[in-house]
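**Q** Sequence:
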Amino acid sequence: MRAALLGKKEVSTQMAANVENYWQRLVDISPQALVSLSKEQQQELKTMMALSDFVATQLCRHPHWIESLFTQQLNGLERNLFDSELHELLAVVSDEEQVKKILRQYRNQQMVCIAWRDYMDYAPLEESLLDLSALAEALVIAGRDWLYQDMCNSLGTPTSPEGVAQKLLILGMGKLGGRELNFSSDIDLVFTFPEHGETIGGRRSLDNQQFFIRMGQRLVNLLHQATVDGFVYRVDMRLRPYGESGPLVVSFSGLEDYYQEQGRDWERYAMVKARALGPWTADSDELHDLLRPFVYRRYLDFSAIESLRKMKGLITQEVRRRKLNDNIKLGAGGIREVEFVVQSFQLIRGGREPALRQQSLFAAIETLYNLGQIEYLALDELKQSYLLLRRVENLLQAINDEQTQTLPANELDWQRLCWAFDADNEMDLRQQIEAAMSCIHRHFKETVGGNDQEDSNETWSQQLWNAQEEETAFAILEEQEVDLQLWPMLNRWHDTVVRRTIGPRGRETLDKLMPRLLCDLSAHSQPTKAFDPVSKVLDQILTRTTYLELLCENPGARQQLVSLCCASPWIAQQLAKFPMLLDELIDPAQLYDTTALDDYGSELRQYLLRVPEDDMEQQMEALRQFKLSQQLKIAAADVTGVLPVMQVSDHLTFLAEAIIEQVVQQAWAQISARHGVPDNLKANEMGFAVIGYGKAGGLELGYGSDLDLVFLHNAPQGGQTNGDRAIDVGHFYLKLAQRILHLFSTRTISGELYEVDMRLRPSGASGLLVSEIENFGDYQRTDAWTWEHQALVRARFMFGDNSLSTRFNELRSDVLESNRDNALLAKEVRDMRLKMRQHLLKVPQEMFDLKQSPGGIADIEFIAQYLVLAHACEYQALSFWSDNVRIFEQLAELELIPIASAQALTQAYCYLRDESHRLTLQQVETTLPLATVQHHANKVIEIYQQILH
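Here the sequence shown is numbered in the working numbering, starting from 1311 and rising by one per residue.
A portion of the hints provided could be inaccurate.
To be verified - Cross-link-like lysine-lysine pairs, in silico, DSSO-like; alpha carbons within 27 Å at most:
#1 K1846 - K1887
#2 K1755 - K1822
#3 K1822 - K1839
#4 K2152 - K2045
#5 K2249 - K2137
#6 K2145 - K2161
#7 K1992 - K1937
#8 K1755 - K1693
#9 K2145 - K2249
#10 K1755 - K1639
#11 K1887 - K1937
#12 K1349 - K1319
#13 K1410 - K1477
#14 K2045 - K1937
#15 K1410 - K1349
#16 K1846 - K1937
#17 K1839 - K1887
#18 K2161 - K2137
#19 K2152 - K2137
#20 K1411 - K1319
#21 K1755 - K1846
#22 K1822 - K1846
#23 K2161 - K2249
These are computed hints drawn from the structure, not numbers from a lab.
Modelling step: build the complete structure from the supplied sequences, incorporating the hints.
**A** Below you can see the structure in the form of C-alpha cells.
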C-alpha cells in the first residue's frame, strides 16, 4: 500500500487523492475558515476529510464549524448539555420546517465531532456510544416537547378524567435504550401515554389517543424525513404492539393488556433494553413497572434459551439467504451473538436478580461476573471482542453516515479502517476481526447453544411467519421455490390475526402451528389456492386453543386440512363453520372409511346413545354433528377418488334416510308424551309415513340438497289420541309434522339439519301439512296436474309403517299406470319444460346450466317421466323405480327406447350429476362452458326431440 504523509500518520495515496477535491472546495467556499488553523490542525483536518466523506461533506457545507471543533468540541463533548441547548434553540421557533432544519444541523454538527474523536482515537468507544445515544435522546425529546407545546396551543391539552395533563412517553428500544447506539443507526421507538381522556382548552375536545397518534405521526416525520439537510434519524416503529398493523400510540393499559395476553418471546427480548427517554418522572416509573413482569419472570426461565436459539437460527438463515458475507453484526460470532449471550442470562435470571434488569450490555456483563455467572476470562474475551466489532461498525458507518455492518467491498474504505486501527493492511485487520468473531461464537455456543445446521424447513417457515418486510418474505419464498403470491395473502391474514384477542396460550400455540402449517402448504402443489380456505378455518379456531393444539400436534390432521381445503372450498367452509369436524382429520384411515349404505341407521342410533334421551337440545345437536361428520367423510372420499362418484348420492341419500328416521322418532316421542297416540294404532305403529320427492326420492341427493317431503297418515276420521290431553288424530298428526319440521329447521351451534320443502304435497302450500293416505290417492287421481304426476314418478317411500309403504306404492302405481292421451301428455310435458326454462335459465349463450340448459339434467328427467307416464299403463314394471338410471335400464329392456339412446341418456345424466357434485364442492355455479358438454347435450336434445315431438 503506497502511502503519503498527512498529519502524524501516513495515509494511502488513494486517501490523499480523495481529499484533494474536498480541500479545494473548502478553500473556495471559505478560505477564512482555515486562516486561524495551525499547520498541524490543517493536516489533521485534511486527514479527517480523507477518512470520512460524511465529515468532509458537512464541513464543506458548514465551514464555520471548524473553529469550534478545534477550540472546544474535540477536547470533549458535554453530552449533558445536548438537551438544554436544543430546547434553547427551539424555544424561539414557531415554524415546523425551521425546527427540522435546526434538529438536522445540530445533529450533523455533533456527529462530525463524534466521528472525528472516534477516528482520531480521542475518546474510548464506550464514551462515543454514550455520546451518540445522548445525542439521539436529546434530539427525540426536543422534537417531542416542541410538537407537544405546538399541538396543545392548537388542539388543547390532553388530560386524564381527573384533569391531569398527559404527556407522550417514548420508549427507546435496542441500542438507544441501552445507551450504546452506533454511529448511523436507525432508532426503534414505542410511543405511549398514561391515561385515556380528552383534550381541554381547544376549540373542540379530541380523544387523547387521537391527539397522541397525530403527534406521533408528526414526530416521526420530523425526525425521519429527508430534507436538504438530511435526516435526524431513520425511525422504526415496528416494535410497537401489533407491529405495523397496530395503532401508532397506545395507552399504558393497552400496552399492559397486549404484553400480558399476546406478547411473544422476541418481544420480551426486545423489551430488555427498553428505556423511557427524557427526564425521569413518575410516569416513567409506572411504565417500567408495568413492563417488568412481562420481561422478567419470577422463576428461573430457561425457556428463554430455546427462544433465543430459534431467533439466532432465523438470523443465520437470513444471513445465508441474503448472502450477507462479512456481516459483523449478524454473522456467526457477530455483535448480535454477544447480545444474545448477555440477554439470555438476563431473561433467565432477571426475575430473581434485580441487578440484571438493566439496558446497558456493558453494565449487564459486569453484573454477570459479579454474580458469578461468568468467569473473568469469558468476561474479558467477550467484552474486548465486542468492543473491537463495535468500533469497526462505528467507523464503517462514519465513512458516509450509512447504516451498514458489512465489511468494505472497496480498497479505499479498507485503507481508512486500517489507518484507524493501525493495521498494516486489509489481511491484518481481517485477522483481528475474525479472531474476535471466532471467540464470540465459541462463547455463544457454550451459552445459548443450538445446532448451526438447524432444520431449515421449520426455520424458513418461522422466519416467513415473523417477516415484516416484503423483500425479506419474497427472498424466503424464492429460496424455497414457493409461489410468491403466498406472502401478500399471509401478510394480510397475519395483520388481522394480531388484532384478535387470543390469549398468551393461544398466541404461543399459533406461533408454533403456523411455521409447521406453512411447511405443509409449501409441499402442496397449489399453496396459494390452499391458504385462503385454510386461513378461514383458522379464523374460526383462533380463540379455541384446543383446536390449534390439535393441528399443531397432529401432522396428519394438518396435511388433511391443507389437501381437503385445496380440493374443495365446500369442505373448507364446513370445517370453518363447524370446527368440531377437525377431530375427524386426526385419523386419515377412519376419515376415508365411509359408512356402509345399510349401516347409517345403526351408526346413528349408536351415536345418539351418548346423549341423554330427555335432553332435546343435545339430541338435536348430536343429529347435526352426525350429519356433518358423515357428510365430511363422504366428501373427503369423493374429492380424493376413494369413493366412486356414482355412489356419492347413494351415501348422501341413505344418510338423510337415517336422520329422517330419528327425527320422526324424536318428534313422535315428544308429541305422544303430551297427548298420547291415536287410539287405532297397534303396538309399535305410528300410522305415519314420510315420502321423498325429487332428489331424495330419486336417490340423487347432493351436498347441501334440501329435502322435498310429503307426510301421510292412515288414521280413520274422527279418531282421538289416548293421552291425558287427548286431541283428534288430524290435529295430532299436524302437531307431529310441525314438530318434525321444527327439529329439521332449528339452528343450533352446528347449524340447520336440513331445509325441508313441503310444496309438493296435495294442493301445494295451501294444502294440509299431513294428508290422509286415501285422500292423497284421490287427489292424485282426480285433481293433480300432469307436473304433479311427473313429480310422483320420482317419489319414494322413505320412512313409516309397512302398511303405509305398501298402500303408498299401490296408489303410486295406480296413478302412474293410468291411461293417458300421449300426444296431450307430450304437449303438457313440453310446455312445462319450456316454462321452467324461461323462468330458471339465466346463463349466457356460451355457457351451459347443468340442469336447465337444453340437453341438461331437467331434459333427461322429463324424458324419463314422460316415458313412464306414457307407457306404464301397458308396462307396469316402469312404475317400480323412482331413479332415472334404472328407469332408462327398464325402458331399454322393454325396447321402448333403443339401447344406444338409453346408454346415451344414462351417460349424459351421470356426467352432468358428477360435474354438479364437483362444482358444488368447489362452491361455484353449476355451469360449464357449452363446448365442454356439447357432445352429451346434443345427444340429449336429439333424443328429447324424437320422444317429445
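**Q** Take the hints in turn and mark each one as holding or not.
**A** A quick look at each hint next to the structure:
1. K1846 - K1887: Roughly 9 Å separates the two Cα atoms, so the pair holds.
2. K1755 - K1822: holds, 24 Å
3. K1822 - K1839: Given that 27 Å is the threshold and the Cα spacing comes to 22 Å, the pair holds.
4. K2152 - K2045: Outside the cut-off at roughly 40 Å; violated.
5. K2249 - K2137: holds, 21 Å
6. K2145 - K2161: This hinted pair holds, its Cα atoms lying about 14 Å apart.
7. K1992 - K1937: Violated - the C-alpha atoms of K1937 and K1992 are around 32 Å apart, more than 27 Å.
8. K1755 - K1693: holds, 16 Å
9. K2145 - K2249: Holds. K2145 to K2249 sits at ~22 Å (cutoff 27 Å).
10. K1755 - K1639: Within the cut-off at roughly 16 Å; holds.
11. K1887 - K1937: holds, 14 Å
12. K1349 - K1319: holds, 15 Å
13. K1410 - K1477: Judged against 27 Å, a Cα distance of about 21 Å means the pair holds.
14. K2045 - K1937: holds, 25 Å
15. K1410 - K1349: violated, 36 Å
16. K1846 - K1937: Given that 27 Å is the threshold and the Cα spacing comes to 22 Å, the pair holds.
17. K1839 - K1887: With Cα atoms ~19 Å apart, K1839 and K1887 stay inside 27 Å; holds.
18. K2161 - K2137: Between K2161 and K2137 the Cα gap is close to 21 Å, so the pair holds against 27 Å.
19. K2152 - K2137: holds, 24 Å
20. K1411 - K1319: Roughly 37 Å between the alpha carbons, so the hint for K1411 and K1319 is violated.
21. K1755 - K1846: violated, 41 Å
22. K1822 - K1846: Status holds; Cα separation ~18 Å.
23. K2161 - K2249: holds, 15 Å
Consistency with the previously given hints fails for numbers 4, 7, 15, 20 and 21, ordered from lowest to highest.
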